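Asker: Turn these sequences into a full structure, and let the hints guide you.
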Amino acid sequence: MQNDKAKVASDVAAQKKANALTQHFQYPPGTAAFEGLANCRSCQLLSDVNVGNCPRCNDTLYLRSPNSIQRTLALIITAILLYIPANIYPIMTTVLFNDKTASTIVGGVVLFVKSGSYFIAAVIFAASVLIPIAKMLIILWLCYATSRQSHLSRPELSRLYRATEFIGKWSMIDIFVVAILVALVHITGIMVVEPGTAAQAFAGVVILTMIAAHQFDARLIWDKQKK
Amino acid sequence: MNDTNDTSQPIVIPKSRFSVVWLLPLIAVIIGVGMVYQQWQNKGVEIVIVFDNAKGLEAKKTKVKFRDVDIGTLQEINFSDDGFSIEAIIEIDKKMQSYLLSDSQFWVVRPRIGSAGITGFGTLLSGAYINIAPGKSESLSQRFVGLENPPISTPTSQGIKLKLISGGGKSLTVGNPVTYRGFEVGAVESVNFDIESRQVTYSIFIQAPYDGLITTNTYFWNSSGLSFAATTDGITIDLASIESLLSGGVRFDVPDDLMLGERITQSRDFKLYSSRASIKEDRVYEYIEYVILVDDTVGGLQAGAPVEYRGIRIGRVSKPYLGFYETNQIDSDETRIPVIIHLEPARLASNNEYDLPWFNEQFNKWIKSGLAARLETANYLTGTMKVSLDLGNEIQPEVEYFGKYTVIPSAQTGFASIVSKTDRLLSKLESLPLNELVQSTNTAISSANTAILSANDTVIATQSVLLSVEDTLKEASLTLQGMQPDSPVYLRLERNLAELERTMQMMQPFLQEIRQKPNSLIFSGSSPADIQPQGKGQQ
Chain A
1 MQNDKAKVAS DVAAQKKANA LTQHFQYPPG TAAFEGLANC RSCQLLSDVN
51 VGNCPRCNDT LYLRSPNSIQ RTLALIITAI LLYIPANIYP IMTTVLFNDK
101 TASTIVGGVV LFVKSGSYFI AAVIFAASVL IPIAKMLIIL WLCYATSRQS
151 HLSRPELSRL YRATEFIGKW SMIDIFVVAI LVALVHITGI MVVEPGTAAQ
201 AFAGVVILTM IAAHQFDARL IWDKQKK
Chain B
1 MNDTNDTSQP IVIPKSRFSV VWLLPLIAVI IGVGMVYQQW QNKGVEIVIV
51 FDNAKGLEAK KTKVKFRDVD IGTLQEINFS DDGFSIEAII EIDKKMQSYL
101 LSDSQFWVVR PRIGSAGITG FGTLLSGAYI NIAPGKSESL SQRFVGLENP
151 PISTPTSQGI KLKLISGGGK SLTVGNPVTY RGFEVGAVES VNFDIESRQV
201 TYSIFIQAPY DGLITTNTYF WNSSGLSFAA TTDGITIDLA SIESLLSGGV
251 RFDVPDDLML GERITQSRDF KLYSSRASIK EDRVYEYIEY VILVDDTVGG
301 LQAGAPVEYR GIRIGRVSKP YLGFYETNQI DSDETRIPVI IHLEPARLAS
351 NNEYDLPWFN EQFNKWIKSG LAARLETANY LTGTMKVSLD LGNEIQPEVE
401 YFGKYTVIPS AQTGFASIVS KTDRLLSKLE SLPLNELVQS TNTAISSANT
451 AILSANDTVI ATQSVLLSVE DTLKEASLTL QGMQPDSPVY LRLERNLAEL
501 ERTMQMMQPF LQEIRQKPNS LIFSGSSPAD IQPQGKGQQ
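Protein chains in written order, with our numbering: chain A, 1 to 227; chain B, 1 to 539.
Worth flagging that the hints you see were computed from the coordinates, not collected in a lab. One thing to keep in mind: the hints can contain errors.
[As the list claims (entries may be wrong)] Simulated restraints on C-beta separations:
#1 B:Glu58 x A:Thr197: 49 to 55 Å
#2 A:Thr197 x B:Ser141: 30 to 36 Å
#3 B:Arg143 x A:Met191: 36 to 42 Å
#4 B:Ser126 x A:Arg41: 53 to 59 Å
Only a predicted model underlies this, so the values are computations on that prediction, with no experimental measurement involved. Backbone N, C-alpha and C fix where the C-beta goes; we use that ideal spot for every residue, glycine too.
Answerer: Here it is as structure tokens:
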């Protein structure tokens, strides 16, 4: 992925260089980009984008992260794809006296609700269903909003973005619960907890949404709010 | 970032290129599609098994196993259309499809406690599962009827299936062992009652290689529990294994007096005898019926009692008594008791090769030459009787018939004759004039009594005589005391005797003279000169 990134980066950089002199005029006034100043992605040094490379760390300079939305979209679509097996397959298999019980995420929630543990059910539901779905939807919306007109103001979109970054990590709670149970409950012959296929898929969902959120260049929000 | 138009300057707008990162969702899609395809590819075959009940079955959980390997999962449990049974919808792995033959058997394995111990113990914790025994049919099937109990034999098991027919009550249950000399070689597979013939039929399965033990001359008997029999052979206690004591079982063997016979390869029917002893009794032979007209009692003679010829068993008693009515039908004047016996030539032929008409003819010949039957006690303890045949009767010119039966003349010997002899002896004793004898003896005794009384008087008289004799003797004794050697009388007597002797000596010459010359007393003559001793010197 790093190689891809580098390759993409160098390709884009070549193009950017060709248009560097005129490119910055697309950006709305009041932004650094409009002034032709770019923030180094590695060391945050603000320098003229026409220099090409950061004078301090020699990283390629961009006014905006190249193909940010495409990457974000690709990652989110992958995450959405992974979210399907994460819900179909069992996340955890409990073997109690040779009696195998496989439970999916939603199945687990239903089970806890039935047994009266509403709090645990709520936590699992929030962490495994609400948060990932919300996060993926928000990022999709942000991608849409940055490429089209949006009725939402810049601060509102920014708040949404920050919210996704904040809540995203809590989705990992599910994976931790499974990992801890698998490690702790392993009394062969009596009770064994085994991770299911969904656990891996779900971990993939969480990680991919985190990377996607990271890949989204928040400055794009401001660019589109010029009018 | 694509539509920035500046009319003043031609700007080369970079075409928005697809980022390589799009490979990621592509890979995800490919993997996803691959998984779905694999899932679809591996989707098993759906079959339906009809069970009586769904005890222990759980949708999505209950496995179908073949040799303890999971080959499928129960998907759904539905009621059948009529509602009397359930339909288990099961998905079987695709690669196990070839096992779903139309005669494959399915049954639920759950813990069972039976005579053979506890089975399916593992399912206590793991839950029940459905077991499959593949058949050997050619055609595949999708709908099966599940068995309620594990089958004793599966279509592919090696062995032989036999049917046992028993006229008695149900004494065996499915799973009871079939043993041969203590080896468990098979089991009872099913028990049915045939309403038409009113017989219990047991289907049994003998595992290979023991199926080779089943021959045409094999006899099966019920070894249920303990059998205790008092027969002509004495008291027999027969006990199979403890297991069969508790729950019953079937045993089989070839009777000692039979050849092994031919091995059986096809399923066939056998009679199930109630006990080992009853094989001997009830075994069906070809037979010829004869009758013995018995003068005296037939007590102790039972149906099935042996008929022997000089100790060799040749038949059995069919009816110890023909029946009053039947007897009268044949001959109303007959007072003897007709005993119907069966002579079974097969017992005499070691190889089951015999000729019934020939035997009949031969037997008639023997009857003519003096064959006779008699009742004998076979067992003094139980008092059972048997029929014994022997030659030695008077030769008969013609064979007699009693109704349709050929008569074997009866002879009286053995116990029956002892009884009759004793009887005669007793009646003779009875006819003796014992009373008179006793009376005369009585008078004799009383006269003897008087004689004894008078004798008594005599004895008393004799006693007094004896007393006086005693006195006399005492006196004599006293008298004789005076005659003792040192008594004066004795001495005197001795002296007198010595004197007498002397006198006699002195008288001797005188007496000699008188002897020579008796007249010398009167005529005193000269006495002859004394004879002088003459010697040669003096003359």
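Asker: Indicate, hint by hint, whether the structure satisfies it.
Answerer: Hint-by-hint comparison with the structure:
| no. | hint | in the structure |
| --- | --- | --- |
| 1 | B:Glu58 x A:Thr197: 49 to 55 Å | 22 Å, violated |
| 2 | A:Thr197 x B:Ser141: 30 to 36 Å | 33 Å, holds |
| 3 | B:Arg143 x A:Met191: 36 to 42 Å | 38 Å, holds |
| 4 | B:Ser126 x A:Arg41: 53 to 59 Å | 58 Å, holds |
Consistency note: the structure conflicts with earlier hint 1 alone.
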